[in-house]
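Visitor: Residues per chain, in single letters:
Number of protein chains: 2
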Amino acid sequence: MRSIIIASTSTIHGSGYLEYLLEELKVHFKTVNEILFIPYARPGGISHSDYTAIAAKAFKTIGKTVKGIHEFDSAEDAIKQAEGIFVGGGNTFVLVSQLYKNNALTAIKNAVNSGTPYLGTSAGSNICGLTMHTTNDMPIMYPPSFKTIGLVPFNINPHYLDPIAGSTHMGETRETRIKEFHTYNTQPVIGLREGSWIKVSGKTLTLKGTLEARIFEQGKAPYEIASNSNLEFLK
Amino acid sequence: MRSIIIASTSTIHGSGYLEYLLEELKVHFKTVNEILFIPYARPGGISHSDYTAIAAKAFKTIGKTVKGIHEFDSAEDAIKQAEGIFVGGGNTFVLVSQLYKNNALTAIKNAVNSGTPYLGTSAGSNICGLTMHTTNDMPIMYPPSFKTIGLVPFNINPHYLDPIAGSTHMGETRETRIKEFHTYNTQPVIGLREGSWIKVSGKTLTLKGTLEARIFEQGKAPYEIASNSNLEFLK
Numbered sequence: 001m002r003s004i005i006i007a008s009t010s011t012i013h014g015s016g017y018l019e020y021l022l023e024e025l026k027v028h029f030k031t032v033n034e035i036l037f038i039p040y041a042r043p044g045g046i047s048h049s050d051y052t053a054i055a056a057k058a059f060k061t062i063g064k065t066v067k068g069i070h071e072f073d074s075a076e077d078a079i080k081q082a083e084g085i086f087v088g089g090g091n092t093f094v095l096v097s098q099l100y101k102n103n104a105l106t107a108i109k110n111a112v113n114s115g116t117p118y119l120g121t122s123a124g125s126n127i128c129g130l131t132m133h134t135t136n137d138m139p140i141m142y143p144p145s146f147k148t149i150g151l152v153p154f155n156i157n158p159h160y161l162d163p164i165a166g167s168t169h170m171g172e173t174r175e176t177r178i179k180e181f182h183t184y185n186t187q188p189v190i191g192l193r194e195g196s197w198i199k200v201s202g203k204t205l206t207l208k209g210t211l212e213a214r215i216f217e218q219g220k221a222p223y224e225i226a227s228n229s230n231l232e233f234l235k
Numbered sequence: 001m002r003s004i005i006i007a008s009t010s011t012i013h014g015s016g017y018l019e020y021l022l023e024e025l026k027v028h029f030k031t032v033n034e035i036l037f038i039p040y041a042r043p044g045g046i047s048h049s050d051y052t053a054i055a056a057k058a059f060k061t062i063g064k065t066v067k068g069i070h071e072f073d074s075a076e077d078a079i080k081q082a083e084g085i086f087v088g089g090g091n092t093f094v095l096v097s098q099l100y101k102n103n104a105l106t107a108i109k110n111a112v113n114s115g116t117p118y119l120g121t122s123a124g125s126n127i128c129g130l131t132m133h134t135t136n137d138m139p140i141m142y143p144p145s146f147k148t149i150g151l152v153p154f155n156i157n158p159h160y161l162d163p164i165a166g167s168t169h170m171g172e173t174r175e176t177r178i179k180e181f182h183t184y185n186t187q188p189v190i191g192l193r194e195g196s197w198i199k200v201s202g203k204t205l206t207l208k209g210t211l212e213a214r215i216f217e218q219g220k221a222p223y224e225i226a227s228n229s230n231l232e233f234l235k
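Chains A and B, in that order, are what the protein sequence lines are. Numbering of the first sequence is given in my numbering, commencing with residue 1 and proceeding in unit increments. Numbering of the second sequence is given in my numbering, commencing with residue 1 and proceeding in unit increments.
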């Protein structure tokens, strides 16, 4: 049975790395002793080893060990054999470039569809959507494609930000950007605020966390959905 | 002699489209009667015609007519024959995709190097840099390359935004994003705040407007440069 957590962020303001999710992760990775961490997104350009150490420290508090994918000879084999997978945040362009380079996208898809529990945060959540067209990241690397895994039949916009009232900045709001996306693309987008996540259990998709999420569908006005909403209508 | 204006934004808060630049544009387009407008970036998904009408309205106030590139059979020929060129803002991914599709990048480079005066705002400024790796836009379209015209030997970050003091949002600041860019890329980046522009006259590059700009060089701490600074050191 598929078991996936797609989180807006790894860290909420004023709290440690993954801290707000740990109770959920205890259940999610219940049968898992060692988690395969994919640090390819390298937030701030951090090394794969240093990033893996951060993930390992958080998971240690719930009794799990973590091994970085860069420690294996074959990324594909590491994914095939993993008990559980965690893809961390950072830059989605860097992440997707590295996943393509290591033939990891199909391997992750197959593993997750076979029941390997998956956790994605931020960039690691973007890749669960159909494409990475709705990432917020700066395009610092050119990936061979914007197509991602498609574990859910829509796109993710993590770290969703509401327009800032009274802002004098002329750059586009997040909502304007997603509206532009729908000029050229048809799939729905879910704007996940920091602290929200999507829980996939088999065929059931649920919005979790305390906040509402914002839904963008082509040709419709955007709207809010409540926490614990079923997301299966979204395709 | 090359004559280029690379502006952070078309519009500053509380002012009309191009209004803050009109005095400068009178001089910049002094010898020009009709300006070729390239509306490919389509802000908010606006049509080429509607976007051209906005540009035409602004330029009418200084006695210039505007014709959209979509009104010509050949974009390349339109650029070759243009008296002056204006590439408007919107989405850089859409703009660059359309420029490649219409073989317009080389045509613009040749025209500008032959002396055709050029104005770029926002996305139209991004393409003056070496690459579009430092755009702020959402990647809603997949261009065949991130390589842009390289009218200047560095990258542009338009709408540069300082970190917001006291923000609780966990998404990256602009400075963090540009630092990540320098993990994988070597060229300097200029963060142009709204209201700033770069004026290129022959070989002279100058920062214009009243604000400072922020310079990012690989392996150095970012620093500010004053208005009217010469930018020729930046390469």
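If you are wondering where the hints come from, they were derived from the structure by calculation, not from laboratory data. Predicted model only: the values in this text are computed from it and were never measured. Please note that a few of the clues may not be correct.
Unchecked claim - Label pairs and their in silico Cβ distance ranges:
1. B:Ser167 with A:Tyr184: 24 to 32 angstroms
2. B:Pro144 with A:Ser227: 35 to 43 angstroms
3. A:Leu161 with B:Tyr100: 36 to 44 angstroms
4. B:Tyr223 with A:Thr106: 40 to 48 angstroms
Said to hold, decoys possible - To be clear about the criterion: a stretch of chain A counts as covered by chain B if any three or more of its residues have a C-beta under 8 angstroms from a C-beta of chain B, and this derived list gives those stretches:
5. 130 to 136
6. 163 to 170
7. 174 to 185
What the hints assert, rightly or not - Pairs of lysine-lysine, PhoX-like flavour, derived with a Cα cap of 25 angstroms:
8. B:Lys179 with A:Lys101
9. B:Lys220 with A:Lys101
10. A:Lys179 with B:Lys101
Each residue gets a CB set at the ideal place from its N, CA and C atoms; glycine is no exception.
Visitor: With reference to the structure, classify each hint as holding or not holding.
Guide: Hint by hint, here is what the structure shows:
1. Checked against the hint of 24 to 32 angstroms, the C-beta distance between Ser167 (chain B) and Tyr184 (chain A) comes to roughly 31 angstroms, which is consistent with it.
2. Range check, Pro144 (chain B) to Ser227 (chain A): about 42 angstroms between beta-carbon atoms, so the 35 to 43 angstroms window is met.
3. Against the hinted window of 36 to 44 angstroms, the Cβ-Cβ separation of Leu161 (chain A) and Tyr100 (chain B) comes to about 31 angstroms, which falls outside the hint.
4. Checking the proposed 40 to 48 angstroms range against Tyr223 (chain B) and Thr106 (chain A) shows it holds: the Cβ atoms sit about 45 angstroms from each other.
5. Coverage of the segment 130 to 136 of chain A by chain B holds in this model, with 5 residues showing a Cβ closer than 8 angstroms to a Cβ of that chain against a need of three.
6. Check on the segment 163 to 170 of chain A: 3 of its residues sit with their Cβ under 8 angstroms from a Cβ of chain B, so the three-residue criterion for coverage holds.
7. By the rule of at least three residues with a Cβ nearer than 8 angstroms to a Cβ of chain B, the coverage given for the segment 174 to 185 of chain A holds, with 10 such residues.
8. With a C-alpha separation of about 23 angstroms, the suggested pair Lys179 (chain B) and Lys101 (chain A) falls inside the 25 angstroms cut-off, and the hint holds.
9. For the hint pairing Lys220 (chain B) with Lys101 (chain A), the CA-to-CA distance comes to about 30 angstroms; that exceeds 25 angstroms, so the pair is violated.
10. For the hint linking Lys179 (chain A) to Lys101 (chain B), the alpha-carbon distance of about 23 angstroms falls within 25 angstroms, and the restraint holds.
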